[in-house]
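Please take these sequences and the hints and turn them into a complete structure.
Number of protein chains: 2
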Amino acid sequence: MTVDAEALSAELDRIRLELQTLKAEKGKQNITVGDYLLTRLAQLGVTAMFGLPGDFNLGFLDLVEDHPQIEWVGNCNELNASYAADGYARIKEGTLGVITTTFGVGELSAINGIAGAYSEMVPILHIAGVPSTVQLKSKPLLHHTLGDGRFDVYQHAVSPFVVHQAHILNKLDAAAQIDFAITECITKARPVYLTLPTDIVHQEISVERLSIPLTSTAPPNDPLTEAFVIDQIHERVKEAEGDVVVLVDACVIRHGVRKELAAFLKETSFPVYATPMGKTAVDEDYSRYGGIYVGTLTHPDIKEKVENANLIISFGSLGSDFNTGNFSYNIPKRRLIELHSNYTQVQYARYDGIGMKQMIPRLSEKLQHFHTIAQKIAVPAFAKSLPTEDNQTISHLWFWPRMGYFFNPKDVIVTETGTANFGILDVPLPAGAILVSQILWGSIGWSVGSCLGAALAARDLGKERVILFVGDGSLQLTVQEISPMIRLGLKPIIFVLNNRGYSIERYIHGKHRKYNDIADWKWTDILSTLNDHGNVETESYTVTNKRELSELLDNQTFASAKKIQLVEVMMPALDAPQALVRQAELTGKGNAYGGAKD
Amino acid sequence: MTVDAEALSAELDRIRLELQTLKAEKGKQNITVGDYLLTRLAQLGVTAMFGLPGDFNLGFLDLVEDHPQIEWVGNCNELNASYAADGYARIKEGTLGVITTTFGVGELSAINGIAGAYSEMVPILHIAGVPSTVQLKSKPLLHHTLGDGRFDVYQHAVSPFVVHQAHILNKLDAAAQIDFAITECITKARPVYLTLPTDIVHQEISVERLSIPLTSTAPPNDPLTEAFVIDQIHERVKEAEGDVVVLVDACVIRHGVRKELAAFLKETSFPVYATPMGKTAVDEDYSRYGGIYVGTLTHPDIKEKVENANLIISFGSLGSDFNTGNFSYNIPKRRLIELHSNYTQVQYARYDGIGMKQMIPRLSEKLQHFHTIAQKIAVPAFAKSLPTEDNQTISHLWFWPRMGYFFNPKDVIVTETGTANFGILDVPLPAGAILVSQILWGSIGWSVGSCLGAALAARDLGKERVILFVGDGSLQLTVQEISPMIRLGLKPIIFVLNNRGYSIERYIHGKHRKYNDIADWKWTDILSTLNDHGNVETESYTVTNKRELSELLDNQTFASAKKIQLVEVMMPALDAPQALVRQAELTGKGNAYGGAKD
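Going line by line, the protein sequences match chains A and B. The number in this note's numbering is simply the position in the first sequence, starting from 1, with 307 added. The number in this note's numbering is simply the position in the second sequence, starting from 1, with 307 added.
One or more of the hints may lead you astray.
All copies of an identical chain are treated as equivalent in the list; a pair is satisfied when it fits inside any one copy or across any two copies.
Said to hold, decoys possible - Below, simulated DMTMM-like cross-link-like pairs (lysine to aspartate or glutamate); rule was C-alpha separation at most 25 Å, straight line:
| # | residue 1 | residue 2 |
| --- | --- | --- |
| 1 | Lys818 | Glu372 |
| 2 | Lys770 | Asp592 |
| 3 | Lys683 | Glu611 |
| 4 | Lys869 | Asp827 |
| 5 | Lys573 | Glu611 |
| 6 | Lys818 | Asp373 |
| 7 | Lys818 | Glu378 |
In short, the hints are calculated from the structure, not lab data. What you are looking at is a predicted structure, and each value in this text was computed from that prediction instead of being measured.
Next up, the structure:
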């Protein structure tokens with residue numbers, strides 16, 4: 308399927324589901340509050356709910372378990388569940404990730420995952436099952452409380468990490484509150500926290516509102532301002548004589564602008580580069596795509612092309628340290644235009660409320676006449692190439708390019724914070740492949756939970772392979788989340804980069820310190836140990852040199868990913884991708900550990 | 308050693324350490340801020356620091372790794388690290404648990420453990436390595452942030468769960484801030500949060516303050532008020548004609564009053580009972596000890612004795628739902644006196660600032676003349692007895708009493724929220740045995756991390772065996788924390804109660820629901836899979852019936868616990884201790900899931 312056909316097909320599925328839902332509700336006058344919430348989620352294409360049971364959410368879980376479209380995942384712990392909801396939402400664009408936890412203990416365990424989704428702009432709805440409305444008022448000394456009647460402390464704790472909180476305290480406004488909460492979550496692409504008291508879940512409300520679809524689109528741009536901004540941009544492009552470079556970044560993905568951007572690039576033919584967080588926002592085999600720009604850490608050919616352009620139009624930029632080579636862009640504001648989800652910046656002028664999603668098609672139209680000029684701008688080839696090394700050690704320098712020959716179109720690739728996030732950058736990925744990583748928040752262990760969610764979403768979307776790259780250190784934080792992958796029949800290929808410790812930390816500080824060491828587990832026993840009754844077929848491998856790894860990658864049975872597989876890749880403890888080594892140096896300097904004895 | 312000799316020996320160790328520290332510092336004029344903090348912790352008997360490395364704490368970890376008295380544990384994730392610090396502090400009374408994490412991602416992962424320590428009154432110092440003071444001011448778009456310059460959100464999030472926050476922003480007041488933070492943590496027996504910027508760690512300050520020992524005692528009671536309160540209590544005891552029952556609870560343990568209480572009981576001879584959270588606050592083989600009181604869930608003999616006494620003196624009570632049989636005490640205030648860490652309640656009158664630790668010795672003196680009368684009050688025997696069942700199934704009814712014959716004096720017993728917390732209650736434990744459980748906060752998975760910390764503390768105190776009881780559901784949340792136990796050569800016996808799911812939830816709601824099921828792991832492979840290079844000797848067993856379990860328990864090699872051992876105990880999915888069944892019923896009613904289809 309082409310991208311457009313895929314999008315149409317996804318939209319068809321969504322509408323079909325909505326139709327089914329409404330038919331099912333037809334004739335019914337009432338629905339429980341819990342089912343109202345589930346119906347809304349199903350309408351938006353949610354097919355999985357992450358989380359754990361706890362005594363304050365069990366009544367709601369009855370409804371989840373009985374729901375025809377939503378599958379209860381049953382994670383191993385709440386942090387992992389939040390990571391899974393995050394991975395799910397990243398792959399299934401236009402919908403949201405949902406996690407259900409219990410009061411206090413459960414929800415607090417998930418807070419790092421929620422904060423990460425806030426930071427990285429991923430829409431997660433966090434539903435916390437809380438005590439009954441009677442108990443919320445009388446505040447008895449319940450378990451899962453601090454013992455002092457402060458029942459609102461969990462709301463307080465999560466408040467910096469959500470764009471909205473909905474506390475359903477009666478059935479009268481339950482539907483309105485739920486609708487608003489979900490809409491906020493999707494349109495702002497950030498977490499929302501919703502509390503559901505035990506005695507509210509099964510109260511009945513009217514189905515009426517369910518026939519009004521929820522909108523996931525942002526409010527429209529003011530037409531006069533938008534026209535003015537488009538003129539301004541047009542003027543700047545004219546002044547630049549069409550010598551324009553496009554830079555795509557994280558928010559293109561997070562705010563669902565991939566399609567509009569692809570059309571813009573095709574119509575204008577401007578050369579395009581991506582930041583680390585924008586990787587795969589544009590298909591990497593696109594002829595006008597030149598690779599990754601990351602400030603001073605950029606390949607010199609690309610750096611020169613980007614920084615010497617007369618004008619740079621950036622889409623959805625997110626200027627974090629690891630995304631910009633430690634803030635080392637050499638692009639003066641005078642030559643820069645930034646399009647964001649809710650504002651536009653033209654040189655020094657900021658236009659609030661002018662979002663890119665709606666403006667891009669009109670901007671395309673205005674700028675398409677530069678096509679001929681733009682086509683003449685050379686773009687360095689972003690092509691695969693495998694360096695030759697005269698030894699069998701699996702170095703990062705060799706490993707990542709080698710993986711480039713393993714990837715298929717539409718693979719979902721999940722990389723962990725650390726060596727993997729950096730190593731993957733210079734590997735050209737096939738068209739339709741999606742890279743999922745958490746570069747800004749950078750919580751180690753995230754990729755394992757995220758892979759579970761991504762794999763569930765990928766199954767929905769008919770994507771065949773999910774490939775995880777995780778270091779041994781990071782995997783220890785969240786290893787149990789491999790268990791639900793096995794139980795649910797998901798079949799990711801898990802590459803465990805075994806370098807006996809936290810390599811990213813070693814490069815920042817403490818290269819030979821014991822605190823950066825970890826226990827060396829029997830990695831190839833993980834799948835069998837966490838298997839449910841040993842019922843599911845799994846396979847594990849250890850590769851210790853280039854030849855073994857290449858043979859495995861070339862094996863068609865392995866590559867077809869018909870079962871869950873884990874590959875332990877033995878790598879030197881003190882090796883890392885060059886981009887990481889240089890970033891770590893810069894980070895280390897910022898930390899300024901004065902007299903530290905490394 | 309007797310209890311007094313043990314206490315003297317512990318005090319001797321403490322003083323010796325302090326002396327050593329001061330000698331080491333003698334002649335030195337300056338010390339780094341990081342080492343100042345470590346010296347203070349070592350003076351208080353801290354020998355282990357929990358946590359994970361992260362780029363904002365690496366410079367501090369250099370100092371930890373080089374410190375002669377403090378061992379860096381290196382946990383598998385931060386939540387587990389906080390649980391471990393909690394378990395450590397519970398066993399090593401008079402000192403504190405310490406956890407070090409990194410900015411944002413690390414510290415937020417630990418927040419549930421910190422909240423639990425607040426709820427259960429356990430002193431944990433949480434040290435977060437944060438960006439340099441320069442970056443804290445300029446607020447660049449660093450990784451581990453929300454991307455919006457809000458650097459203070461993590462302080463905001465943790466604020467409900469700590470009694471104090473110390474933000475070290477310059478070396479001038481660093482020592483004073485550190486001293487105050489540690490003192491608050493110990494005297495209030497609750498978590499304190501301290502941030503340490505990367506560039507402050509190695510700045511040098513004077514050693515001068517280190518020669519002034521930190522006090523861990525609460526401020527003295529006002530003598531006149533105290534004398535009045537003692538008179539009041541004496542009057543009430545007289546009116547009661549010496550028919551007094553003592554009820555001991557959690558805060559006796561948390562506020563270090565075991566010794567004073569034991570002397571009080573000996574001098575007065577009043578009968579004594581414990582709540583679930585007060586279990587082992589008094590040696591359970593003490594002749595005047597009658598067992599556990601938990602409201603309507605109490606054994607009828609005990610219930611009658613406690614509730615019919617003319618006067619009940621409660622020590623350190625904590626009236627949470629699971630600690631009181633869902634608030635079902637039948638003790639009118641008129642017949643109740645409550646001694647707390649910082650106030651005393653005599654019938655309806657509250658006396659703030661009158662704490663029990665200092666008052667108890669004087670109260671003992673005043674009440675000792677009731678000894679002869681009190682001695683005549685009968686106390687039901689709290690004795691071991693093994694029910695006979697005519698089948699081989701390992702039921703809870705049989706399992707817990709059977710374990711009673713396995714325990715040794717001074718065993719450290721850790722029980723998980725769920726069946727274990729309830730099952731252990733009716734088992735009389737030997738003198739000196741310590742029970743560690745988390746009944747108020749009740750975060751599943753806690754016991755595994757806690758066991759790691761408890762085992763490290765037990766090793767310090769020369770206690771030989773640490774025994775963990777954890778359900779299969781709970782173990783899945785935190786399983787990786789068995790890895791540091793192996794790596795550090797700790798030798799707990801881990802009983803995994805395999806009943807294929809969350810049994811406590813099943814009894815509250817959803818007995819046959821799939822959401823209460825879990826994957827059935829290969830439990831006996833866990834130790835070998837998580838072993839460091841497979842270097843450490845481990846052993847695992849599965850017992851499927853009474854005979855197999857009994858044989859194992861009677862095996863001297865097994866019982867001597869010379870290596871780490873895991874026992875998978877096969878139990879029916881729908882069996883639970885009676886106390887749990889009844890508590891769950893009451894909890895389920897409170898939740899009021901209206902039309903739930905169970």
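Hints, verified against the model:
With identical chains, the CA atoms of Lys818 and Glu372 are at most 25 Å apart between copies only, with a shortest distance of 13 Å across copies and 49 Å within one. For the homomeric pair Lys770 and Asp592, the shortest alpha-carbon distance inside one copy (18 Å) is at most 25 Å, but the shortest distance between copies (64 Å) is not. In the homo-oligomer, the alpha carbons of Lys683 and Glu611 lie at most 25 Å apart inside one protomer (16 Å), although the nearest pairing across protomers, at 95 Å, exceeds that limit. Within a single copy, Lys869 and Asp827 get their C-alpha atoms only as close as 28 Å, which misses the 25 Å cut-off; across copies the closest is 23 Å, which meets it.
Only within a single protomer do Lys573 and Glu611 lie at most 25 Å apart by alpha-carbon distance; the minimum there is 23 Å, versus 85 Å between protomers. Taking the shortest Cα distances, Lys818 and Asp373 sit within 25 Å of each other only across copies (15 Å), while inside one copy they are farther apart (52 Å). When the C-alpha separation of Lys818 and Glu378 is checked against a cutoff of 25 Å, the pair qualifies only between copies, where the shortest distance is 19 Å, while the shortest distance within a copy is 45 Å.
Checked against the numbered hints above, the structure violates none of them.
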